[in-house]
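Trainee: Residues per chain, in single letters:
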Amino acid sequence: MIKDLMPFVAGSYGATILVLGTFSLFTLLRYRAARRRLDAAEAARGDR
Amino acid sequence: MERPLTQTYPAEAGIAPRPKGAGAWLHRYANPGRFQRLVRPILPWLAWFAFIITVTGLVWGFFFSPADWQQGIASRIMYVHVPAAWVAMNGYALLAVCSLLSIVWRHPLADLAAREISPIGAGFAALCLITGSLWGRPDWGTYWVWDARLTSVLILFFLYLGHAALIRAFDNPQHGYRAAAILALVGVINLPIIVFSVYWWNTLHQGNTISITGPSKIYVSMLWPLLIGTIGFYAAFFALVLARISSAIMEQRARVLLLASAEDSDPAKSVARS
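Residue numbers (my numbering), protein chains in the order written: chain A, 227 to 274; chain B, 273 to 546.
Derived by calculation from the structure, the hints in this document are not laboratory data. Keep in mind the model is a prediction, meaning the values are calculated, not measured. Just so it is clear, CB atoms sit at the ideal spot from N, CA and C, and this is done for glycine as well. Please note: incorrect hints may appear among the correct ones.
[Unchecked claim] Ranges between beta-carbon positions, derived for each pair:
(1) B/A441 / A/D230: 19 to 29 Å
(2) A/P233 / B/W473: 47 to 57 Å
(3) A/A266 / B/W416: 45 to 55 Å
(4) B/S483 / A/P233: 29 to 39 Å
(5) A/R262 / B/W472: 12 to 22 Å
(6) B/F335 / A/D230: 11 to 21 Å
(7) A/G240 / B/I375: 18 to 28 Å
[As the list claims (entries may be wrong)] Derived coverage of chain B by chain A (criterion: at least 3 residues anywhere in the stretch with Cβ under 8 Å from a Cβ of chain A; other residues may be distant):
(8) 302-308
(9) 326-338
(10) 345-353
(11) 422-434
(12) 509-519
[Claimed, not checked] Some but not every residue of chain A turned toward chain B, in silico, with C-beta under 7 Å:
(13) G237
(14) S238
(15) G240
(16) R262
My request is simple: use the sequences and hints to build the entire structure.
Mentor: The structure is reproduced here in structure tokens:
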């Protein structure tokens, strides 16, 4: 019984980790890139 | 023309009536600079809280929760399916509130929030559908059935996708914000349909097990991991949305600064100005 059901349970938890992990990773990368870009733009304005 | 976030919004500039009551409170936080000052210190704590609580909920649900006497270990899918469904539905309610604020007060943060909520909401709605299908196969003998609850959640997923596409579809972002806000508000009708579908129609999907107003039909050893998972999913949702809004504000601010730098260094404009 447990053996039969395990793929469905594991698949659900795997999908959760995949969806939340992907969103978290892309959000973190976007946040860092935006911060870097803003710092560069502010530095460029400050140099002028 | 995109409304720059550095600019005050209509109510602050005095060209629209200042909101009163609850609106006045929201009005205080319409300023993106204030939002950033508020969110920046909170965000890392919220992200770590979301991570720890979500992982705790997942580990508790997968390894330590009791198996149901009828469904066996398939009931463990509940600890990811139910929180995903709740976040997807309440995320849509939040999207509708942002859309209302956008239409009534032209709140720039509400526009940005709506823009950033819809992809995350679509992710949670997709997760709800995927885990629901994986739960349906061993319990109902099928991955999918055109039952009222499943169909209305599928419509919720499409509403999120439609909103995310529509808000980005126009050259003039203001047109996109307005069209998407109308779509989001019209789509609110789907929320009570999702909630009451199991009572209005004869569905394969079970009725509500947990009730805020009355006694819940779930054993306490199953309720705890479900509550922990729900708190984790909500925290993850808010951390993702806040981080995305903050990123969008920084991107827009950087764009404004770069444009200003480019204008300053343009010799033709310098001559015209002098």
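Trainee: Does each hint fit the structure? Answer for all of them.
Mentor: Structure-based check of all given hints:
Look at B/A441 against A/D230: about 46 Å separates their beta carbons, and that is not inside 19 to 29 Å. Separation of A/P233 from B/W473 is about 31 Å and departs from the stated range, judged on CB atoms against 47 to 57 Å. For the pair A/A266 and B/W416, the beta carbons lie near 49 Å from each other, so the given range of 45 to 55 Å is met. Here the CB-CB span from B/S483 to A/P233 is close to 32 Å, well matched to the stated 29 to 39 Å.
Roughly 51 Å separates the CB atoms of A/R262 and B/W472, a value that falls outside the hinted 12 to 22 Å. In this structure the supplied range 11 to 21 Å holds for B/F335 paired with A/D230, their Cβ-Cβ distance being about 19 Å. Judged by the Cβ atoms, the range 18 to 28 Å given for A/G240 and B/I375 is violated: they are separated by roughly 40 Å. Under a criterion of three residues with beta carbons nearer than 8 Å to beta carbons of chain A, the stated coverage of the stretch 302-308 of chain B fails, only 0 such residues being counted.
A stretch counts as covered by a chain when three or more of its residues have a beta carbon under 8 Å from one of that chain; for the stretch 326-338 of chain B and chain A the count is 4, and the coverage holds. Only when three residues or more bring their CB closer than 8 Å to a CB of chain A does the claim for the stretch 345-353 of chain B stand; here the count is 6, and the claim holds. Restraint check on the stretch 422-434 of chain B versus chain A: 0 residues with Cβ-Cβ distances below 8 Å, three needed, restraint violated. With a cut-off of 8 Å between beta carbons, the stretch 509-519 of chain B has 5 residues touching chain A; three or more are needed, and the interface restraint holds.
For A/G237, the shortest C-beta to C-beta distance to chain B is roughly 5 Å, which falls under 7 Å, so the interface hint holds. Nearest Cβ of chain B to the Cβ of A/S238: about 4 Å, under the 7 Å cut. The hint holds. Annotation: A/G240 was flagged as interfacial toward chain B, and the flag is violated, the nearest CB pair being 10 Å apart, outside 7 Å. With its C-beta approaching chain B no nearer than about 9 Å, A/R262 sits outside the 7 Å limit, and its interface hint is violated.
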